[in-house]
Each structure stands twice: as C-alpha cells, then as structure tokens.
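Colleague: Residue numbers (this note's numbering), protein chains in the order written: chain X, 1 to 459; chain E, 460 to 891.
Don't read these hints as lab results, they were simulated from the structure. All figures in this text were calculated on a predicted structure; none of them were measured in a lab. Careful, some of the hints might be misleading.
To be verified - Cross-link-like lysine-lysine pairs, in silico, DSS-like; alpha carbons within 30 Å at most: (1) E:706 with X:453; (2) X:162 with E:786; (3) E:703 with X:453; (4) E:890 with X:269; (5) E:703 with X:269; (6) E:706 with X:34; (7) E:556 with E:644; (8) E:556 with X:453; (9) E:889 with X:269; (10) X:162 with E:644.
Said to hold, decoys possible - Here are a few chain X residues that face chain E, going by a calculated C-beta distance under 7 Å: (11) 112; (12) 176; (13) 178; (14) 180; (15) 248; (16) 275; (17) 440.
Where is the CB? At the ideal position from N, CA and C, for every residue including glycine.
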Amino acid sequence: MTSLAFATILAFVAAGYFIGRHRSMSVVGGRHSKLHSRPTYHGAYVALWIGIPALLFVLLWLLFQNNFIDSMIIGALPTAETEGLDAGQLQLIINEVKAIASGNIFKEPTAEIRALADNYNHWMSMSRILMVGLALVICLAALIYTLTRISDVFRARQRVEKIVDGLMIACSLIAIFTTLGIVVSLVIESLRFFEKVPFYEFLFGLNWEPQIPIREGQVAAEGAFGAIPVFTGTLLIAGLSLLVSVPVGLLTAIYLSQYAGSTFRVVVKPLLEFLAGVPTVVYGFFAVLVVAPAMKQWGAQIGLDIAPNSAIAAGAVMGIMLIPFISSLSDDAISAVPQTLTDSSLGLGATKSETIIHVLLPAALPGIMGGILLAASRAIGETMIVVMAAGLIATLTLNPFEAVTTVTVQIVTLLIGDTAFDNPKTLSAFALGLMLFITTLALNVLALRIVQKYREKYD
Amino acid sequence: MTDLSNQSSQSSKHDWHSGDANRRVRKRHARDRSLRYAGLGAIALALALLGILVSSLLYSGRHAFTQSVVELEYFIDPLKISRDDPAKGSYRSIVKKTILSHFPEVTNGREQRRIVKILSGGAKYLLRDHIVYNPEMVGKTILLELPLSDPYDQLHKGVIRRDLPENQRRISDREIAFFDVLVKKDLVSSPINWGLIFNNDSRRPELAGLRGAIVGSFYILLVCFLISFPVGIAAAVYLEEFAKNNKVNDLIEVNINNLAAVPSVVFGLLGLAVFLGYFELPRSAPLVGGMVLSLMTLPTIIIAARAALKAVPPSIREAALGMGASKHQVMMHHVLPLAMPGILTGTIIGLAQALGETAPLLLIGMNAFITSDPGSIMEPATALPTQIYSWADSPERGFTSRTSAAIIVLLGFLVIMNLMAIILRQKFEKKW
Numbered sequence: 001m002t003s004l005a006f007a008t009i010l011a012f013v014a015a016g017y018f019i020g021r022h023r024s025m026s027v028v029g030g031r032h033s034k035l036h037s038r039p040t041y042h043g044a045y046v047a048l049w050i051g052i053p054a055l056l057f058v059l060l061w062l063l064f065q066n067n068f069i070d071s072m073i074i075g076a077l078p079t080a081e082t083e084g085l086d087a088g089q090l091q092l093i094i095n096e097v098k099a100i101a102s103g104n105i106f107k108e109p110t111a112e113i114r115a116l117a118d119n120y121n122h123w124m125s126m127s128r129i130l131m132v133g134l135a136l137v138i139c140l141a142a143l144i145y146t147l148t149r150i151s152d153v154f155r156a157r158q159r160v161e162k163i164v165d166g167l168m169i170a171c172s173l174i175a176i177f178t179t180l181g182i183v184v185s186l187v188i189e190s191l192r193f194f195e196k197v198p199f200y201e202f203l204f205g206l207n208w209e210p211q212i213p214i215r216e217g218q219v220a221a222e223g224a225f226g227a228i229p230v231f232t233g234t235l236l237i238a239g240l241s242l243l244v245s246v247p248v249g250l251l252t253a254i255y256l257s258q259y260a261g262s263t264f265r266v267v268v269k270p271l272l273e274f275l276a277g278v279p280t281v282v283y284g285f286f287a288v289l290v291v292a293p294a295m296k297q298w299g300a301q302i303g304l305d306i307a308p309n310s311a312i313a314a315g316a317v318m319g320i321m322l323i324p325f326i327s328s329l330s331d332d333a334i335s336a337v338p339q340t341l342t343d344s345s346l347g348l349g350a351t352k353s354e355t356i357i358h359v360l361l362p363a364a365l366p367g368i369m370g371g372i373l374l375a376a377s378r379a380i381g382e383t384m385i386v387v388m389a390a391g392l393i394a395t396l397t398l399n400p401f402e403a404v405t406t407v408t409v410q411i412v413t414l415l416i417g418d419t420a421f422d423n424p425k426t427l428s429a430f431a432l433g434l435m436l437f438i439t440t441l442a443l444n445v446l447a448l449r450i451v452q453k454y455r456e457k458y459d
Numbered sequence: 460m461t462d463l464s465n466q467s468s469q470s471s472k473h474d475w476h477s478g479d480a481n482r483r484v485r486k487r488h489a490r491d492r493s494l495r496y497a498g499l500g501a502i503a504l505a506l507a508l509l510g511i512l513v514s515s516l517l518y519s520g521r522h523a524f525t526q527s528v529v530e531l532e533y534f535i536d537p538l539k540i541s542r543d544d545p546a547k548g549s550y551r552s553i554v555k556k557t558i559l560s561h562f563p564e565v566t567n568g569r570e571q572r573r574i575v576k577i578l579s580g581g582a583k584y585l586l587r588d589h590i591v592y593n594p595e596m597v598g599k600t601i602l603l604e605l606p607l608s609d610p611y612d613q614l615h616k617g618v619i620r621r622d623l624p625e626n627q628r629r630i631s632d633r634e635i636a637f638f639d640v641l642v643k644k645d646l647v648s649s650p651i652n653w654g655l656i657f658n659n660d661s662r663r664p665e666l667a668g669l670r671g672a673i674v675g676s677f678y679i680l681l682v683c684f685l686i687s688f689p690v691g692i693a694a695a696v697y698l699e700e701f702a703k704n705n706k707v708n709d710l711i712e713v714n715i716n717n718l719a720a721v722p723s724v725v726f727g728l729l730g731l732a733v734f735l736g737y738f739e740l741p742r743s744a745p746l747v748g749g750m751v752l753s754l755m756t757l758p759t760i761i762i763a764a765r766a767a768l769k770a771v772p773p774s775i776r777e778a779a780l781g782m783g784a785s786k787h788q789v790m791m792h793h794v795l796p797l798a799m800p801g802i803l804t805g806t807i808i809g810l811a812q813a814l815g816e817t818a819p820l821l822l823i824g825m826n827a828f829i830t831s832d833p834g835s836i837m838e839p840a841t842a843l844p845t846q847i848y849s850w851a852d853s854p855e856r857g858f859t860s861r862t863s864a865a866i867i868v869l870l871g872f873l874v875i876m877n878l879m880a881i882i883l884r885q886k887f888e889k890k891w
C-alpha cells in the first residue's frame with residue numbers, strides 16, 4: 001500500500017510535468033517567445049506543487065499513524081483494565097494486540113484482546129486506504145490549482161526557484177534537526193533515568209552493576225548505577241591509546257613532511273590512509289584474534305598476569321587505529337607553519353632536527369594539540385574495538401593489565417536486544433550517552449578553538 | 460647559547476676546526492640522524508602493524524575459502540520420499556544409511572551415531588533441497604558432495620592437529636579412524652567455498668554464508684545514498700552559493716562540523732530513541748539503518764561537495780551570468796555538472812565509511828540471527844559489519860576463520876569503492 005502511494009505520487013509528478021509543459025505551450029498557441037518563462041519551468045512548477053505536499057503528507061502519515069492507532073487501542077480498552085497501568089504495561093498490551101493481529105499467537109488471548117486485534121487490522125487497512133485516497137486528492141487539487149495559474153505572463157521560473165530555495169534551506173536545516181534530535185532524545189531519556197536514580201549517585205557512585213530486580217524485593221540484583229568506574233575505564237583505555245598513537249603518529253608526520261622524498265611519500269601515504277579506512281569492527285577482531293593472546297603470552301613470560309580482555313590490549317589496538325589520524329592532523333599543522341620560519345632557522349646553521357624541535361614543533365604546537373584533543377575525543381567515543389576487546393564488568397582500577405569497561409561498551413551491552421525504555425537498566429545507557437556526547441562535543445569545540453586561534457596568528 | 464657567547468668573548472678568533480668544534484658538529488648531526496631514524500622507525504612500525512593486521516586476517520581466513528566435502532552416492536528410496544511431495548520424507552535416514560554403508564563392520568548404535576556426525580547436521584536439508592529441485596531423481600541414485608561438520612572440516616584442513624594428545628582435541632582417535640576410512644577411499648575433497656558468499660547465515664559454521672549480510676548492506680547503502688546524496692548536494696549548494704552571512708547559517712555550519720565528530724554510537728542512540736522508539740519503525744530494518752547512517756554520512760558529503768563547488772572557477776559563473784542566466788540556472792546548468800565528479804568522489808568515500816560502520820547498527824538490532832536474505836528495506840536484516848561482529852562472538856572454531864574471511868570480503872568491497880573514487884577523481888576532475 002505504501003509503495004502504491006509513492007508510485008501514484010511519482011506518476012502524478014511525471015504526468016504533471018508534461019501536462020504543465022503542454023499547457024503553457026497551448027496557452028500561447030505554440031509560440032515560445034510569448035511566454036514569460038520557458039515551458040519546462042511551467043512543467044516543473046506543476047510537478048513540484050504536486051510532489052512536495054503529497055510526499056510530505058504520506059511521510060507524516062506513515063510516521064504518525066502508529067502513535068495514533070496505539071492511542072486508539074488504549075482508548076478502546078475498558079477503563080477498568082487500563083487504570084493504574086504505567087506506560088510500559090500499556091505498551092505490553094499494545095504489543096500483544098499487534099502480535100495477534102499479525103498472526104503470531106503465543107498464548108491463548110482473552111476475547112477482548114482478540115477483538116482488539118481484529119479492530120487493529122481493520123484500523124490499519126482503513127488508515128492505508130485513507131492515506132492513498134487523501135494523497136490522490138492532494139495530487140489532483142494541486143494539479144487543478146497549478147493548471148489554472150499557467151498563463152503567458154505567469155512567472156513560473158521565479159516561482160520554481162523560490163521553491164527550490166526553500167527545499168535547499170530545508171535540507172541544510174537537517175543538520176540542526178539532527179543535533180536537536182540527539183540532544184532532546186538523550187536529555188529526555190536521561191531525565192527519566194535520573195527520576196529513578198539520583199544524579200549525584202550516577203556521577204559520583206563507585207559501584208556500577210546495572211541490573212534490575214527480576215522479582216520484587218530481590219536484594220542481590222537491586223543494581224547500582226555509580227558511573228565512576230566506567231569513566232575511569234574509558235579514560236584508562238583512551239589514555240593508553242594516546243600513549244601509542246601520539247609518539248608514533250607525530251614522528252610519522254615529522255618524517256613524512258620533513259625528511260621523506262616524494263616517491264616515499266607517494267607510497268606510504270595511501271598505506272596510512274588504508275589504515276585509517278579499516279572499519280573499527282576489524283580492529284576489534286584483530287585485538288581479539290592477535291593482540292590480546294600475544295600480550296597474555298608475553299606477560300606470562302615475564303611473570304605478569306594479563307587478563308585476556310585487558311585494558312592494554314584494547315588501548316594498544318585503538319592506538320593503532322589513531323596513528324593515521326594523529327599523523328595527518330599533525331602533518332597539516334606542521335605544513336601550516338610558514339616556510340620563512342624554517343628557512344631562517346636553517347639559514348642560521350641549525351640542523352634539520354634542531355629546526356624541527358626548536359622552531360617547527362613549537363610553532364605547530366597548537367595545531368598538534370588540537371589534533372591530539374580530536375584523537376582523544378575519538379578514543380573516548382570509539383565503540384567496536386572496546387566492545388569486542390575490553391571487559392564488561394566495571395572495576396575501579398588504573399592497572400592496564402586488568403579488564404576494565406568503558407562508556408560505549410556499557411551503552412551497547414545495555415541496549416542490545418532490549419527496547420523497553422521503562423527500567424533504569426536501559427535508561428542508564430542514555431545517561432551514559434549524554435555524558436559521552438557532552439564530553440566529545442566539549443573536546444571538539446576546544447580543539448577547533450585552539451586550531452582557529454593559532455591560524456589567526458600567521459594569516 | 461650562553462656558552463657560545465662566553466667562548467667568543469674569550470677568543471676573538473673562533474677555531475671552527477678544533478677537535479672540540481668537530482665533536483660538537485658530529486654530535487649535532489648524530490642527533491639529527493637519530494630523529495630521522497626515529498621517524499623512519501615510526502613509519503616502519505605503523506606499516507608493520509598494517510602488515511600484521513592484513514596477514515593475520517589472511518592467515519586465519521584462508522581456511523574459510525575452501526570447504527571440505529564428502530562425495531557419496533545417495534539412493535533416493537521411493538519408499539521414503541514420495542515423488543509428488545518430495546519436500547517431506549525422511550532424508551535423515553537416507554543420509555544415515557548412505558554414510559554407514561561405508562562402515563559395514565560397525566554395528567554399535569553409539570558408534571554409528573558418531574559416524575553420521577562426520578557429515579554436517581544440515582546435510583539432510585541440502586539433500587532435500589536438491590531433490591525438491593530435481594524431483595525426477597526419486598528412485599534413482601545421485602552422486603552429491605555434502606559438507607563435513609565443523610570439527611572434521613577443521614581436521615581435514617589441519618586446524619585441529621592430529622599429533623595433539625587425544626584429550627586436547629575435539630575429535631577422538633576412534634573418530635579420526637572413521638574419518639580416515641572416507642579419506643582413504645578418496646571421497647573427501649576441499650573445493651572453493653562459494654557458500655561463504657552465496658549461503659545465508661546459519662548456526663552451523665560449515666553452512667554459514669554472507670548472502671543475507673551482503674544484501675542487507677546493499678539495501679542500507681541504497682537508502683543511505685538516496686537520502687544523503689540529494690540532501691547533501693542541496694545543503695552544500697545552499698551554504699556555498701546562496702546563503703548570506705547570518706547567524707542561522709553560521710549555526711548550520713557549526714552544526715555540520717560538530718556532527719562530523721559525534722561518536723557513531725550516539726547516532727545509534729538517536730535511531731533507537733527516535734526512529735524505533737517514537738516513530739515505531741520496524742526493528743532491524745535496512746530502512747532504519749540507512750536513515751541513521753545517512754545522518755552520519757551527510758556531513759562528509761556536504762563538506763566534500765562544498766570543496767568541489769569551491770573549486771569551480773568564478774569565470775564560469777560570471778560568463779553564464781553575463782549571458783543572462785539566473786543564479787539558479789548558473790548553478791544547475793554549469794557549476795553543478797562541473798562539480799559533479801568531486802561530489803561523487805566524496806559521496807563514494809562517505810558510503811564506504813557507512814559500509815564499515817557497526818555500532819549504530821547494533822543498537823537498532825541489526826545483529827539479529829536471520830537465516831534468509833531480506834526481501835525489502837522493511838524486513839529484518841543484518842549487515843556485513845554486524846555479521847562479522849556476531850560471528851566473532853560465536854564459540855565454534857569454524858567461525859573464527861569465517862569471521863576473518865568475512866572481514867576480507869568487507870575490506871574487498873571497501874577497496875573497490877575507494878578505487879572507484881580514485882578513478883573518478885583522476886578521470887573526470889578538471890584542473891583549472
């Protein structure tokens with residue numbers, strides 16, 4: 001039914017274009033020069049007027065019909081049954097009705113639920129028919145309206161350009177709406193979480209055991225939501241990754257920009273770019289397959305007990321991932337230093353390394369710092385490597401040979417296979433997500449500030 | 460520096476060739492060399508790590524590109540399988556009878572069961588599918604290659620080593636002896652494993668393939684492209700060519716730059732809360748995956764498209780404007796076509812990033828276990844990276860090499876896409 005609606009609209013749009021073009025020609029009896037705008041603009045005007053409102057209508061209908069029908073189901077339930085139920089329990093009833101309506105019967109439903117399921121199917125088909133019908137009406141109305149406006153003096157080109165302007169602005173605004181969507185959804189779910197778990201307990205608690213009691217009054221599984229061990233784990237792994245990536249990446253950038261010949265650069269740069277393009281799930285598997293067992297073996301040889309999902313294995317692999325990132329950002333920062341500085345240093349008799357260490361690096365330091373901050377923000381937000389290679393249990397430790405967990409690991413494990421948004425376990429993932437978003441955003445803004453401030457100095 | 464000035468004040472004539480001075484110069488040059496070697500060492504380390512990454516994947520994945528099969532003659536007993544309805548019937552007993560016919564001396568029921576387990580547990584379904592496809596074979600004998608079960612597959616490829624003590628491997632000496640009977644009769648072979656690409660997912664590693672994941676990834680990229688390409692171009696054109704310098708447009712630019720750096724898992728949270736939670740779109744559907752990933756690729760495409768538009772020289776615009784074209788006509792007829800190769804290059808790179816993205820897809824449930832490929836963008840599906848994640852999590856030995864092989868397939872797709880982008884850039888991009 002949905003594809004039928006889209007097909008109808010597209011057919012109308014195509015037809016509208018040709019009808020509009022033809023109509024404008026016939027208005028002036030085939031003499032182009034009499035028209036204000038060229039016939040294609042008249043056609044485009046009709047097509048846009050048909051397509052945009054109709055498509056918008058269908059999309060909105062599809063997005064909101066579920067919510068509307070859900071409330072109809074709730075409304076149809078006897079008030080005795082819905083009284084005193086919270087949103088989660090109501091959602092369970094709705095899901096049951098929908099499951100039965102689509103033919104998946106797990107247990108024998110009550111007569112009321114069965115009747116509701118029949119009603120639901122009826123409403124859904126009504127809704128679809130209504131949608132296609134109304135879309136048709138909109139198309140027809142738009143066609144008739146626009147055809148009456150076409151004349152020799154009608155400024156179709158200006159109209160079309162106005163519409164296109166509006167479309168372009170709408171597309172640009174998507175970026176703002178995405179940010180808004182992220183902020184609003186994270187904040188709303190986090191507020192619901194903080195209703196159940198106090199804010200200070202989340203931020204300063206030392207115990208992270210995100211469980212929910214399966215039966216009431218179960219003491220052992222009450223759950224604790226103190227995120228400090230999760231935060232320290234994140235910082236530990238991110239710090240380890242920077243320990244690997246900053247020296248290697250910086251030295252790589254120095255060599256590539258100052259010492260390497262052009263052939264060397266042409267060969268090495270694409271390889272480093274390939275390292276940057278490898279998906280993080282691949283790095284995660286690499287950590288599990290190669291790095292973690294190797295580290296465990298080395299540790300055993302020198303008498304260290306390294307956990308199979310140790311922080312150092314995850315951090316090292318994340319460091320490998322960040323090498324090309326740091327290297328390219330440092331390269332940018334170094335090449336932004338004016339040539340005159342380098343030349344004058346070399347002219348005074350300094351060696352290349354003295355020039356690099358005493359002149360180039362201090363001048364490029366803000367840019368390099370900005371790059372390191374961006375890398376840190378990436379390390380904190382990186383998900384797949386730690387999901388596969390780091391631990392699940394939050395231990396409060398700074399020992400890199402033990403297993404720690406991170407914010408992103410907790411978000412993924414808490415939400416996989418679970419969409420009930422009514423318990424602190426799943427909601428806590430959104431609170432963690434909010435913290436993650438705020439931290440990475442702050443790091444990015446700080447990094448961009450530093451880089452921009454530095455740029456002004458030489459321009 | 461202070462030493463230097465002291466020295467020069469003591470002796471007005473400096474000896475540049477004294478032993479002291481030479482030593483100092485040598486020391487400075489040595490320091491220069493050490494920085495140089497440190498840089499070279501860093502690059503060598505990075506490249507070595509890349510080498511280890513790729514070679515370990517190839518090494519571990521090499522076994523998944525072949526699949527051990529055993530070729531047996533199956534008599535399709537018309538008493539057990541009816542010609543009219545070949546889908547029903549006891550294929551299990553046919554498989555069992557066929558393989559046991561090679562071991563006439565074994566009569567013990569427990570040992571017989573161990574022999575049957577040499578074949579994959581899915582062998583009976585493969586045989587059934589074959590007969591359903593060729594119902595005229597009922598009552599005849601067919602020669603068919605069916606896969607070995609995972610432990611024997613690993614044994615045949617040498618992953619499970621025969622020289623290990625018996626209690627350290629998954630197959631006992633007795634079972635190896637049974638298997639060797641088949642090997643001696645030259646019935647076991649390891650042809651190329653096309654099933655890796657063309658089979659759907661399965662709990663049995665010897666049958667599991669990437670077909671559903673590849674189709675799912677294709678749908679996701681399709682949705683992602685259909686949304687982010689037009690929207691990205693429109694936004695780029697507006698911001699680069701039409702937008703005036705005001706607060707709203709500044710805000711948009713800041714937003715685009717920040718979105719490019721938001722962690723991918725946060726986009727997953729957005730998809731979960733808004734697309735699944737609020738709009739009640741179906742879970743695990745490529746439509747939702749594509750929508751989430753398109754929000755992530757949009758900044759990439761917008762930034763690339765703006766760069767491409769900027770690269771079109773102003774003379775083109777001025778010439779068209781001078782001929783009386785409107786601003787929109789200049790854009791649509793001249794600037795945009797000239798910028799298109801650059802925009803397409805950026806789009807392909809953005810889509811390649813989207814193809815490897817995993818975390819947001821996990822949150823919207825695209826790691827589900829699904830044994831058929833999705834028929835549309837609304838049906839539950841997996842994607843290549845999420846399939847890799849679920850295989851990596853599976854305990855069976857055979858999935859380790861399958862995961863590596865799946866990664867090689869994914870990297871293959873990424874390399875192809877990036878090569879396309881490079882060729883496009885070199886072939887069509889004009890240097891003004």
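Colleague: Against this structure, judge whether each hint is valid.
Modeller: Do the hints match the structure? See the list:
1. E:706 with X:453: Distance ~21 Å between residue 706 (chain E) and residue 453 (chain X) Cα, so the pair holds.
2. X:162 with E:786: 12 Å, holds
3. E:703 with X:453: 24 Å, holds
4. E:890 with X:269: Distance ~22 Å between residue 890 (chain E) and residue 269 (chain X) Cα, so the pair holds.
5. E:703 with X:269: 38 Å, violated
6. E:706 with X:34: 43 Å, violated
7. E:556 with E:644: Holds: residue 556 (chain E) and residue 644 (chain E) sit about 17 Å apart, inside 30 Å.
8. E:556 with X:453: 80 Å, violated
9. E:889 with X:269: Answer holds: residue 889 (chain E) to residue 269 (chain X) is near 23 Å, not above 30 Å.
10. X:162 with E:644: 79 Å, violated
11. 112: 23 Å, violated
12. 176: 5 Å, holds
13. 178: 5 Å, holds
14. 180: 9 Å, violated
15. 248: Residue 248 (chain X) check passes; min Cβ-Cβ to chain E is 5 Å, inside 7 Å.
16. 275: Constraint on residue 275 (chain X) satisfied, holds at 5 Å.
17. 440: Result: holds, 6 Å to nearest chain E Cβ.
Violated hints, in rising order: 5, 6, 8, 10, 11 and 14; the structure is consistent with all others.
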